Structures are given as C-alpha cells and as structure tokens.
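Chemist: Chains as they are written, first to last, in the numbering used here: chain A, -10 to 356; chain B, 527 to 788.
These aren't lab readings, by the way, just hints derived from the structure by calculation. Here the structure is a predicted model, which is why all the values come from computation and not from measurement.
Computed, partial: chain A to chain B, Cβ under 7 Å: (1) F73; (2) I332; (3) L338.
For glycine and all other residues, C-beta sits at the position ideal for the given N, C-alpha and C.
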Amino acid sequence: MSTASVPLPNWINYALLPLINLTLAFLVSGLVVWIIGENPWEALKLMLQGALGRGEGIGFTLFYATNFIFTGLSVAVAYHAGLFNIGSEGQAYVGGLGAALAALALDHYVPWYVTMPFAIIGAALFGAAWALIPALLQAKRGSHIVITTIMFNFIGAALMVYLLVNVFIVPGKMAPETRTFLEGGQLPKLDWLIAMFGGKLGPAPFNVSFLIALVMCVVVWVLIWRTKLGFEMRTMGLSRSAADYAGISYTKIVVITMLISGGLAGMMALNPVLGASARLQVEFVGGAGFVGIAVSLMGRNHPLGIVIAAILFGVLYQGGAELSFDMPNITRDMIVVIQGLVILFAGALEFMCRPMIVRAYQTFVKG
Amino acid sequence: MDSFDILISILGSTIRLSIPLIFTALAGLFSERAGIFDIGLEGKMLAAAFAAACTAHLTGSAWAGLAAGIGISLFFSLIHGFASITNRGNQIISGVALNFVAAGLTVVLGQAWFGQGGRTPQVTADGRFAPIILPGADAMRDVPFIGPIYANVISGNNILTYLAFLAVPISWWVLYRTRFGLRLRAVGENPGAVDTAGISVTYLRYRAVLVAGFLCGFAGTYLAIAQSAAFIKDMSAGKGFIALAALIFAKWKPGLPALRLP
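Go ahead and model the full structure; you've got the sequences and the hints to work with.
Modeler: Here you go:
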C-alpha cells in the first residue's frame, strides 16, 4: 500500500517531520564546516554563545528575527494561495521608501508614536505597490510569478539606488542615504523587555518593531484561518480548479494575496530603517527577503512556526557574525548555505522521510 | 571609428556575452519540455563556474576544468531530480534552494581554500580556453565588409563558443528527430500517456534533467575560464534567470533563443 495516504497524527506532521528535515539540513551544514577544516561542534558552541550568551547578543538575535518574521509571514501568505512570492526582498526594499518618507515628513513635528502608524501604512503601501505588477501579470497574463518577482527585485534595487543617489542624498555628503531621522522618526528600543529577564541590551537595535511583528502574526493567523478571504486563499492554494468551480475569482485572490504579501514584506523595513539606523540606506534589506522563504517553509507557513523559525535564523545570523570573528574560514556566506539547505530539506524534500516514518508508526504505534 | 567598426565590435561582444545564455536556455529547454521547471539554472551555472575555475587552477588544464564544471552541474541536477522527480517535491522550491546553496557554498569554499574573499586565483593561459583563429582570418582581414566580420566576429572565439552554436541545431535534432526527443516532449505534455505507453516517466525525466545539468556545466565553465580567468563571487549575476526569460521569449523552441543584445 502506498504510504502517501496514511494519515499521521499532528505531532508527527507538525513537529517530528519538520524537526527531522531541519536536523538533516544542519547535519549537511556541519559536513560543510568539517570539509573546510573546522570543528562543527566547536562552531555550533561559538555560535550559540554569540547569539544567546549575553543580553546584547539576544538583542541582535531578536532584531534579526523581527526582519524574518515579517518576510516569513509575507512568503507564507502568498504560499497559502499557491503563489511563491520570491520578491519579498524587493518589496521590503521599496517598502523602506514608504517608511522613510513618513519619518522624513513627520519627525520634526510629532513624537514617535504618531509617526509609527503612518510609517507602518507607508511601508505596507509601498511594499504592496511593488507586488502589484507581478500580481497583475500572473492573474491576467499567466506570467510566472517567480520570474516576475525575481525581476522586480532587480528593478527595485536599481530604483532605490537611483533615488538614494539622486533624490534623497544629503547635499554635501558622500554616502547615498537619507538624513538621520530625529527622535520623532525613530522607534524606541525594547531595553525594558530584556531588562525584565535580567539582561542588558547595550547597543543592540532591538526595538518596537518586534511587537508589531508579533501583532502581525496574530493578524495573519486570523486572516488565513478565520476569515472568508483566508478560506478562499487556501482553497485556491489547494486546488485552483476547485476554487474556480466554487466561484472564487482567480484574479481577485491573486491580486489581493500579493498585495497583502507585499505589504507584510514592506513592513519589514520599519525594523532596520526606523528602528536601527534611523535613515534609509542602500541594501538595508540584506537578504532578509530570501531568508523569509526558508523561515516560512520551516515554520510550515503557520505564524507560530514562523516566529520559532525566525528566531532560529536570528540565532544563525547573530551567531554567524560572532563565529566569523573566531573562525575566519567560516564567512557569513555560510548562512546562505544553511538557508539553502533548510529550503531544500524543509521545502522540496519535505516528504522524503515520510514513508519511513509511516512504516515506523505502523509498526510501533499501531502494531 | 566609423559606424561599421562599432557594429563589428558590438556583434563580437554580443556573441561573447550570449554564450552562457545559449547554453543555459537550452538546458532550460530540455528540462522544461520534460515537465521539470528549472529555476536552478543560475545555481548550476555558478557551481560549475567555481568548479571549473578551481580545477583549471589546480591542474592547469582547461579540459579538466570543463569536466569538473559539468560534473558538479550534473550533481546539482541529480539533487534537483531527486527532490522534484523521486520525492515529487515542489520544483521551484528545489531550484531556489539549489541557487542559495550554490551562491553560499562557492564563496565559503573559495574563501576557505584560497582566502581571497571568495575569488579563486587567476588561471594560467593553459587553463583557459584560448581564442581559435580560423584559417585565413588574417588574409581575409583586408577584404572589405566580409573581411572584418570573418576576422573579428566569426574567427577568434574559443571552442566553447563554437560548441554553443553547434548545440543549438543538435538540440533541435535531438528534440524533434529522435525517439528520445519525442518521448521527452510527450512526458512534458502528458506524462500519463507516456506512462500508459510503458515508458518510465521517472527515467526519462532524470535523463532530461541530466542533459540540462550537462549544458549548464558548459555555461559555467565558459564564464569562469573562457570569458574570464577566475571565479568571482556571484559571477553568474542573474544570467540563469535571463536565460529562462529568453527561453520563454523564444516560445520554448531551440533556434538561438538567447542571442540578443546584452
């Protein structure tokens, strides 16, 4: 009998299988570390120490995790509707423009909590706008959304460099970036949260965006599993023909889903732009959009899973940075390898181990 | 420089820059005609470029570099096949994953082995594919009109360039005039029918994916040791995606899909 149709209990589907896939990805990563002549065990220890050892490390870890929660949610929302949004990177980059415009316009006049909602709306609007054209092309013309969103990443990068170099640059300065926002355009740090657990945040830019990210997790959960729109999105993701037959408009769902997805990606810009550097810089996204893919797949496209996966990738980012000081052979590009392996094992090879598990389950649990 | 000279030099560089696109677009053609979407062309090309540059640097032989490039590209293809054919995973996710693995691994290994920030050391002249001067190129040079075209555009390219242009009619012949090609196109359009006819869909698709890997190996090798003399971080720079676009632009048929102004 084929093992594909055997139902498995939830704890295997949602905990054991992802854990096995993750372990495989990390085993292969360890193999790579071993090949370049370093001790994987030692590397892991240094990494965990760097990421979770001190309050500052934890602050950085959670700062990175905030980025990945936003981009992970962005990828997950699209994924539920059967769309693979690989353009979170570009959408976040352009979203930064919206956030920065709000901050530049308001920071002279009002405190941060007034600027914040405008910045959120601006970031989401600009991010969504950057997803609109690929969405329309997919919905109306059937252009492959993966290719159009990749291309829009390139276009977005070029556009932002143009704007920063020619429009937003501070006259007389060399660096292509906007002026530094005043207090009114900066999101405050969450040092009290770290202090509650007895740590010291230090210079780590862990800020209010983290809370916004958590709120968005709840919003996305409600949207996907508790609204009519979410139901339609999931229906379309499972079977487009069934959705068509049920009278769900393909065009409408594709466009709305991509707008939400782009908006979530755009909101990621709040964290680095308003929360950390207080200015819009070139390449501030730094690959977080692509990490979002791995985070979303690893978290099984569920907000709770995404938070856990995002924190894990935060550990990798922060720990990886510390690690490259101690082991110069392991550059930060190692993270890209790990990211690729996680996408491979948790995404493409998702069901590789399932037949084995099913057999074991039938023998031991039911047998 | 008059406009004719400019045209000649544009033609020459068009050809030089289009070679990786031709190879990868043909690779995508074989893969997608068999029903396996391959967005990992980029990663395969990058991995092949790295392997070719390393091997050519260590052995000093361009052909060894080519073999290594093809080898690593075939290996990536097998992973893609294992994920998307054997395990029926999402083909796009698998391709994207391989792109990341290639982008990261080439830099990590390059830094660990050579310590030049992800670059590989310069390959010597023997380790590169040198330009081939076709017979009579120098004698023809002064003939008006045809002379410069023959001497500067047709002659003076390396062997991989000629192979690329040869690969186009060969691909057409394989796809449209052989049993393998017919079955390959059929498996892309209706795998159920092929299965009913008693032909293994799995085996056929694996072969298609391997052909794609083989061609991507040439593209990567060309980038690393024919066009330049070393591997540079992210040197494929989106060419794999552009090749996919070229493939779509050419409506999934061979016939010089990638030859356009860079």
